[in-house]
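The two chains are supplied separately, each in an independent frame; assemble them into the complex guided by the hints.
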Amino acid sequence: MKAADILSACVMLFLAVVVLISTRHLPYWADFAPGSAFSPFWVAAASILVSCVLVVGALRRQSHPPIDWPDRQGLRRVLLTAGGLWAIVVLAPVLGLVATAVLFMLFLLLVVLRRNLWPSLLTTAVTAALIYGVFSAWLGIAFPTGLLGI
Amino acid sequence: MIDALVSLGNGFGVALTPTNLLFIFIGVCLGQIIGALPGLGPSAGMALLLPITFGLPAATAIMMLAGIMYGGMYGGTLTSVLVNVPGEAASVMTAVDGHKLAKQGRAGAALSVSAIGSFIAGVGAVMLLVFVTPPLAEFALRFSSPEYFLLAVLGITATASIGAGSPVKAILTAIFGLMIALVGTDPILGSERLTFGMTELLDGIDFLPVAIGIFGIAEVLSSLERSYDSEPIRTRLRDMWLSAKDWTACRFSILRGGILGFVIGLMPGAGPTVAAILAYVTEKRFSPHPEKFGEGALDGVAAAESANNSAAHGALIPMLALGIPGSASTAVLLAALVLQGIRPGPGLMVEQADLVWGLIASMFIGNVILLVLNLPLAPVFGALLRVPYEYLAPGILVISLIGTFATTLSLFSVGLTLFFGMIGYLMMKADLPRAPVVLAVVLAQLMETSLRQSLMLSEGNLWIFVQRPISIILLLLVIGSLAVPMLGLLTRRRMERLRRSEAKISIATK
Numbered sequence: 016m017k018a019a020d021i022l023s024a025c026v027m028l029f030l031a032v033v034v035l036i037s038t039r040h041l042p043y044w045a046d047f048a049p050g051s052a053f054s055p056f057w058v059a060a061a062s063i064l065v066s067c068v069l070v071v072g073a074l075r076r077q078s079h080p081p082i083d084w085p086d087r088q089g090l091r092r093v094l095l096t097a098g099g100l101w102a103i104v105v106l107a108p109v110l111g112l113v114a115t116a117v118l119f120m121l122f123l124l125l126v127v128l129r130r131n132l133w134p135s136l137l138t139t140a141v142t143a144a145l146i147y148g149v150f151s152a153w154l155g156i157a158f159p160t161g162l163l164g165i
Numbered sequence: 040m041i042d043a044l045v046s047l048g049n050g051f052g053v054a055l056t057p058t059n060l061l062f063i064f065i066g067v068c069l070g071q072i073i074g075a076l077p078g079l080g081p082s083a084g085m086a087l088l089l090p091i092t093f094g095l096p097a098a099t100a101i102m103m104l105a106g107i108m109y110g111g112m113y114g115g116t117l118t119s120v121l122v123n124v125p126g127e128a129a130s131v132m133t134a135v136d137g138h139k140l141a142k143q144g145r146a147g148a149a150l151s152v153s154a155i156g157s158f159i160a161g162v163g164a165v166m167l168l169v170f171v172t173p174p175l176a177e178f179a180l181r182f183s184s185p186e187y188f189l190l191a192v193l194g195i196t197a198t199a200s201i202g203a204g205s206p207v208k209a210i211l212t213a214i215f216g217l218m219i220a221l222v223g224t225d226p227i228l229g230s231e232r233l234t235f236g237m238t239e240l241l242d243g244i245d246f247l248p249v250a251i252g253i254f255g256i257a258e259v260l261s262s263l264e265r266s267y268d269s270e271p272i273r274t275r276l277r278d279m280w281l282s283a284k285d286w287t288a289c290r291f292s293i294l295r296g297g298i299l300g301f302v303i304g305l306m307p308g309a310g311p312t313v314a315a316i317l318a319y320v321t322e323k324r325f326s327p328h329p330e331k332f333g334e335g336a337l338d339g340v341a342a343a344e345s346a347n348n349s350a351a352h353g354a355l356i357p358m359l360a361l362g363i364p365g366s367a368s369t370a371v372l373l374a375a376l377v378l379q380g381i382r383p384g385p386g387l388m389v390e391q392a393d394l395v396w397g398l399i400a401s402m403f404i405g406n407v408i409l410l411v412l413n414l415p416l417a418p419v420f421g422a423l424l425r426v427p428y429e430y431l432a433p434g435i436l437v438i439s440l441i442g443t444f445a446t447t448l449s450l451f452s453v454g455l456t457l458f459f460g461m462i463g464y465l466m467m468k469a470d471l472p473r474a475p476v477v478l479a480v481v482l483a484q485l486m487e488t489s490l491r492q493s494l495m496l497s498e499g500n501l502w503i504f505v506q507r508p509i510s511i512i513l514l515l516l517v518i519g520s521l522a523v524p525m526l527g528l529l530t531r532r533r534m535e536r537l538r539r540s541e542a543k544i545s546i547a548t549k
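These protein sequence lines are chains Z and A, in that order. So for the first sequence, the numbering used here puts the first residue at 16; every next one is plus one. So for the second sequence, the numbering used here puts the first residue at 40; every next one is plus one.
Chain A with its partners taken away, still in its complex shape (with noise of 0.2 Å):
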């Protein structure tokens, strides 16, 4: 516990210097503004965002990076609250009952609540996440190529079984992932795969297209189905404090939910969106007003707004300790370290404990920072949502286009980014789950690295995947992961075949 605390000690170090302090709020200030904007989450921001930090230190582009994926949390409930648009999917639940309590003149609370809960939320996950991560770390160390087979294999199933829809759906579109990074050179052997010629493929589809087309591209065309001119309601600087009532209703509702929030952002595949609904649904229950849950409830605001807060820190944890990202934006983050040559695993913490300890440093300022942007400034950053969408779009296209170009100096890349966009636009209409492709292409070569390496150690035979107490368990894991989602699904079909055959009974009596 010292260890990590002094760690700590030198990661406010490496935080607080000049550039990366300028990074951290430029950071969290874009993650701000990408969380208000309708239809552009953090991890769809922080890819189109992510050619912009090459000319950057490997610690400070990852600081400014995270800074938009926490930031996000923060800048989505002024939409939700102000105009009734949930500015990314995990602030849907504060668009509920923030814009009902917007149009009882209650704008200014329910700002101040979230800001506040994610605040507590934010930093208590950071507090939980330093004292987790190195142990976890340390016993990842122990992992060989089977373990991190299952891992890599685990990261992808639980996104299918924990995240919200068909879990069918959801391996389905891990597999086209999959296929996605089958493309190029073989890793082992170099041998020639799904290149159909092509010289541009060779060395395989890098993740950067990917994630912008599908994230990015994808999400601003949604967004210009409609327009979103609309009038947000204004709040003041004085309607920003909240009453001790307010904070005597709310606080065990921001411990509540910035706890659950912690746990399920550890899960991988649940992340901000999954902890915000579950907060809001748990708080409801606790609520000794359930009524006023969808009619303006505080308590219901505070509690998603700090699960998701707390959710996006914790999924962090996963990615630092293990390599494995538990969400969309933590394997954006991933993803950046790979680019900035840096090799993620249990190593990280040892090999580059500047830039882990920097990091979490970074997340305590950032989150002091969104706490005074989101409380004093919340009216400015609230005048801001006047701007038309329409005019931020064009330029969110051009820049994520242009960024593409720039990391590869090929315009072959900008076709494949624009490819990649016209798929997760047709994958939106389809509703089919788009962040476990990106969680698979990042996943895909260690999981097939770790699988042959292992097949190759025990000359193909299986039985090492339960040699080792570890192995067996995130075996099981992996089983449960599928099996879970699966007996749902049947339980769910038995009830509705039970129901419409009462249903039909009831008709024939009558």
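Isolated chain Z (complex conformation) (with noise of 0.2 Å):
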């Protein structure tokens, strides 16, 4: 864990070194009233601060509990949802967001998860006529259609 804090506090300083330098540009005072960076800076700061906090914490802890990281055939099932995941948002406009999703179900449920065939085709299916009854028909919301036209 203590890698883990150290980790969690560089992104946060960086994080408020992109804050500072991005605003740096807009007023932070406005003839009598504060200007749009100055809550960027204030979190900045804050967040600088509080992230040294935790280094040093991390640094002077005896103790550390370990990540509770997934195991091999955990991390990859993780790993190919997330995957599985960012496809849906490249392949919607090409395939329909509808199409890819009811294809990232299959995926997931036949590749990684391993899953029985029928029940998997079930399962897709019912989710399939839940966001058809749901957003299409009741909402009328028009979903990316692609070349598929579904």
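Because the hints were derived from the structure by calculation, they are not lab data. No experiment lies behind these values; they were computed from the predicted model shown. Note that CB positions come from ideal geometry on N, CA and C, so glycine has one too. A portion of the hints provided could be inaccurate.
[As the list claims (entries may be wrong)] With the Cβ distance kept under 10 Å, some of the chain A side facing chain Z (calculated, not the full set):
1. Gly94
2. Met166
3. Ile210
4. Ile214
5. Glu231
6. Ser261
7. Arg265
8. Ile438
9. Phe444
10. Phe451
11. Ala469
12. Leu471
13. Leu485
14. Arg539
So, in structure tokens, the structure goes:
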């Protein structure tokens, strides 16, 4: 957990620097009121201070509980699921959002989670019906359709 | 008091319409199921289902979402008792004793006392809510921008102070939430901030992708790490009867748990999980048989379950009266109000009386429905636990992404949701609390606008924050909420050092 604490603090330090640099062109004080850079400045300052406290605390603490990383099988599941989710965003304009989501479900159930074929098909069909029923029919949402037209 | 009862009567008029009754039923059923699903808490469930409520009138949507919130408290018990996996964090203490009772053939008694305890504590908390919320909202009408700024700060710092885990990490993640909220257009001067040239970010980062990502996607990803193919312990309807001896042993546990839970629920940041743990620990002290705790104590289960449901209802008071969410679930509820075009705050009780009193009345109805669902129908819901979680997870992920798209009609928001989902997952691994991020995103705009308005009024003079007694009290509470955990941390370190030096001396003398 020591490494995780230090890494978290470093990320927040980096973000604080990004905030400070990105808002440096904005006024800190405009006439007689705080300007657009006022809040970013204090948020970044607080981030730097608290990140330093976290680093010092992590370095001084004697006992550190280990990070609860998944085992190999678990990591494979998480990475493939995350990859599949990002594929939805990339492929949705080409194949259509609902079609991509259905493909993702089948990929997740059959390839990643290795579930039985028929229950997986049934689950996917029920979810697709729910999406059409609630979002398309009831709420009238028009999803990106892509090449397949669905 | 009479005014409150009259308003409550009107609220029942709103809640008892067929459409609202149907959606209260749907909400509590979904809450029951979400609570029972390991790895998916009520706040995540509410965030995931938020987009579905867009086609509904505001009052109906809020009643349904609130139903998920307190329904989750009931549902979490099932998995804790029958599978020994807490369905949601607030049921963690129930899993300790509830499952031991189930192994002793007393699953029915554990489920029964949980349902009855949750019902009594829930209804009691709603009764208190009826009488506490209106005067608090009336008092809060005197607040001006300095008080609002301090109240928003208190909402964030108290999360760090009272919530379980490291206060430093909680404050750091709250700052991360504030950074997210800075993206977009300055609410006062209209300048572009931290958009990095992306037009999609001009309107800022909406609450929904953050909440769905950090709670929903992250929790589903984390739950996919391991398989939940387990055989839940079976229970039958005839096992659900509670004997007179059991009831006598548990009635005061329910009362103590309910009162403690309500008080904890009122505090920003504490929430049902802290309430359940504290009620369990307190009950162990009061119990005539503390040795049974951890081995199957029915009164321990009763206290923890009463406390978590009471806290879930109590947390609504600061949200309804002040517009300040005290927990992750109420933050989602507050966001739902905003998405429905309703401005939260002390004026809510007057401007949206039908909605607020309808919501309060719906909680009486919802608790009755949940009691029915959890007493005679507990074995049916228990059977649902046999459906492997792996079949549900893909559907949850897909519906949450489709829901995000439906809200914004933009694939950019879907990507943003996934981005926050990945961040949420890494936060879980790094043991960083996620609720402060969401609370900060919700409270950031109120915090920034009221701070800048205050300084505008005082022409930059900070004395405006100590000019009125209310703001002085709030400022002291903010300082206290920051100082208490720091002092606790320093005391713990000093004790650790002392123990280590004592151990060294004893080794040396040996």
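Hint check:
1. Gly94: Status holds, d = 5 Å.
2. Met166: Violated: closest Cβ of chain Z sits about 35 Å from methionine 166 (chain A), beyond 10 Å.
3. Ile210: holds, 5 Å
4. Ile214: holds, 5 Å
5. Glu231: holds, 9 Å
6. Ser261: holds, 8 Å
7. Arg265: Since chain Z brings a Cβ to about 6 Å from arginine 265 (chain A), closer than 10 Å, the hint holds.
8. Ile438: Result: holds, 7 Å to nearest chain Z Cβ.
9. Phe444: At 6 Å from the nearest chain Z Cβ, phenylalanine 444 (chain A) passes the 10 Å test, so the hint holds.
10. Phe451: Interface hint status for phenylalanine 451 (chain A): holds (9 Å vs cutoff 10 Å).
11. Ala469: holds, 4 Å
12. Leu471: holds, 6 Å
13. Leu485: violated, 12 Å
14. Arg539: Interface hint status for arginine 539 (chain A): holds (8 Å vs cutoff 10 Å).
Checked against the numbered hints above, the structure violates hints 2 and 13; every other hint is satisfied.
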